Amino acid sequence: MIVAERKPMAEILEMVKDCSKVLVLACRGCVTVCSAGGEREAAALASLIRLGMKKQGKTIQVIEGSLVRQCDKEYIDAIDTWDGQYDAIVSTACGVGVNFIANLRKTTMVYPALNTTFFGGSAEQGIWTEQCAGCGNCVLHLTGGLCPVARCAKSLMNGPCGGSVGGRCEINKQTECIWQSIYDRLGSFGRGSQMETIAPIRDWSTAGHGGPRKTVRDDLTIS
Amino acid sequence: MSFEPKITLFSCHYASQQSCAEKGKELQQLGFPTTITLVRVPCTGKVQVTTLLQAFEDGADGVYVVGCPVESCHNVKGSVRAAKKVTAVKKALEELDVESGRIEMFHLPRGLHPEFVAAGVTMDKKIRTLGPSPFQS
Ligand code: SF4
Ligand code: SF4
Chain A
1 MIVAERKPMA EILEMVKDCS KVLVLACRGC VTVCSAGGER EAAALASLIR LGMKKQGKTI
61 QVIEGSLVRQ CDKEYIDAID TWDGQYDAIV STACGVGVNF IANLRKTTMV YPALNTTFFG
121 GSAEQGIWTE QCAGCGNCVL HLTGGLCPVA RCAKSLMNGP CGGSVGGRCE INKQTECIWQ
181 SIYDRLGSFG RGSQMETIAP IRDWSTAGHG GPRKTVRDDL TIS
Chain B
1 MSFEPKITLF SCHYASQQSC AEKGKELQQL GFPTTITLVR VPCTGKVQVT TLLQAFEDGA
61 DGVYVVGCPV ESCHNVKGSV RAAKKVTAVK KALEELDVES GRIEMFHLPR GLHPEFVAAG
121 VTMDKKIRTL GPSPFQS
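Just so you know, the sequences run in chain order A and B.
Quick note on our numbering: the first sequence kicks off at 1 and runs consecutively.
Quick note on our numbering: the second sequence kicks off at 1 and runs consecutively.
Think of the hints as simulated: they come from the structure by calculation, not from any bench.
Since the model is a prediction, treat every value here as computed from it, not as a measurement.
Just so you know, even glycine gets a beta-carbon here, dropped at the ideal spot from N, CA and C.
Some hints here could point you the wrong way.
Restricting the straight-line Cα-Cα distance to at most 25 Å, the calculated cross-link-like pairs of lysine to any residue (SDA-like) are [what the hints assert, rightly or not]: (1) B:46 <-> A:65; (2) A:214 <-> A:138; (3) B:84 <-> A:123; (4) B:46 <-> A:5; (5) B:77 <-> A:128; (6) A:58 <-> B:136; (7) B:84 <-> A:58; (8) A:54 <-> B:136.
Looking from chain B toward chain A, a few residues come up when the C-beta cut is under 7 Å (computed) [as the list claims (entries may be wrong)]: (9) 49; (10) 50; (11) 53; (12) 92; (13) 95; (14) 96; (15) 134; (16) 135.
Using the sequences and the accompanying hints, generate a full structural model.
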């Protein structure tokens, strides 16, 4: 899922400072699962916006809504429900959701309530960790299923770098050296020798270094 | 004009068990501050961040939660969860540049006892020192 966290309140209050009514719009997708922007978090944010504005001696009307997802046109259309009830939307979706609203609603002002951080999973309750960087050219079949792009601080393709000590990363000792883990894991399958194959210099154009990416599935398009 | 605080207390049935004895009068007789409005909940673990924020929105100058002792919560982890919610609200108050001491968590044994009254007195004193809520428009 996409993992995110709420922006500092000062930043959000600055965004809405000239509004008299806002719609805090939750997303029931990824950000609900990572407890950053679901209905519960949107309700808390709505309350904090009201309190923050009140403290500044201003009043603001804050209504709450939610969409199944904010990354699909069909769901974005449902924003019509709140037509005329807000000056701006404060979206608690990931950056994708905010972009989708901006793309599709020419006259709607939309602000991000979250900092979108990474693609990850819940390692344990309340803790999320980055697992994939969406590089567009997956190498997990060569690395025992562990991602060197997202999980190696240097995104090395031929690791480890030589700085790892006791299986910990030299950049951050709290983090495992993923290349040590790749080595251990390949070894446990009797495939340790795979480490000796030198990965060629990587073409990063699939990773967004060539501009925004797009996927087209002709078998699914309508026109 | 002297300031009479408005304080909201969320307490589980267990920690505030006898607060209803003598139709609530017993508490008053023991010196429990009249500035405190007690909201009893089946378990403080059920108290959400939004519940606590709503109390401030409703005009509370201070809010506190009384749940079971950490090691002997009737519902195992309820009061620990409540404490985490209180911490989350403290952080949010700080973000809004408001004294985090306007909200507190207390872990107290069940039944009516001096500590329950003392916690109320502590909060009453503290909120009187902090003054009216900055959220009053
Ligand atoms: S808008 Fe973002 S958070 Fe919501 S479902 Fe889509 S990708 Fe997930
Ligand atoms: S190699 Fe690329 S696509 Fe595969 S998990 Fe890592 S970042 Fe994601």
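A quick look at each hint next to the structure:
About 23 Å separates the Cα atoms of residue 46 of chain B and residue 65 of chain A, which keeps this hinted pair within 25 Å; it holds. Between the alpha carbons of residue 214 of chain A and residue 138 of chain A the distance comes to roughly 16 Å, so the proposed pair stays at or under 25 Å and holds. A hinted pair counts as satisfied when its Cα atoms are at most 25 Å apart, and residue 84 of chain B with residue 123 of chain A qualifies at roughly 19 Å. As the CA atoms of residue 46 of chain B and residue 5 of chain A are separated by approximately 23 Å, the hinted pair is consistent with the 25 Å bound.
For the hint pairing residue 77 of chain B with residue 128 of chain A, the CA-to-CA distance comes to about 22 Å; that is within 25 Å, so the pair holds. Only pairs whose Cα atoms come within 25 Å are accepted, and residue 58 of chain A paired with residue 136 of chain B is accepted, the gap being roughly 10 Å. Only pairs whose Cα atoms come within 25 Å are accepted, and residue 84 of chain B paired with residue 58 of chain A is rejected, the gap being roughly 30 Å. Our distance criterion of 25 Å between C-alpha atoms is met by residue 54 of chain A and residue 136 of chain B, whose separation comes to about 7 Å.
With 7 Å as the threshold, the beta carbon of residue 49 of chain B comes within range of chain A, its nearest partner Cβ sitting at about 5 Å, so the hint holds. Given hint, residue 50 of chain B at the interface with chain A, holds; its Cβ is 5 Å from that chain's nearest Cβ, closer than 7 Å. For residue 53 of chain B, the suggested interface contact is upheld, since its CB lies about 4 Å from the closest CB of chain A, less than 7 Å. The interface hint given for residue 92 of chain B is met, as the beta carbon of that residue sits about 6 Å from the closest beta carbon of chain A, less than 7 Å.
Given hint, residue 95 of chain B at the interface with chain A, holds; its Cβ is 4 Å from that chain's nearest Cβ, closer than 7 Å. A least Cβ separation of about 5 Å between residue 96 of chain B and chain A falls short of the 7 Å threshold, and the interface hint therefore holds. Evaluation of the residue 134 of chain B hint against chain A yields a held restraint, the C-beta minimum of about 5 Å falling below 7 Å. The interface hint given for residue 135 of chain B holds, since its Cβ lies 5 Å from the closest Cβ of chain A, which is under the 7 Å cut-off.
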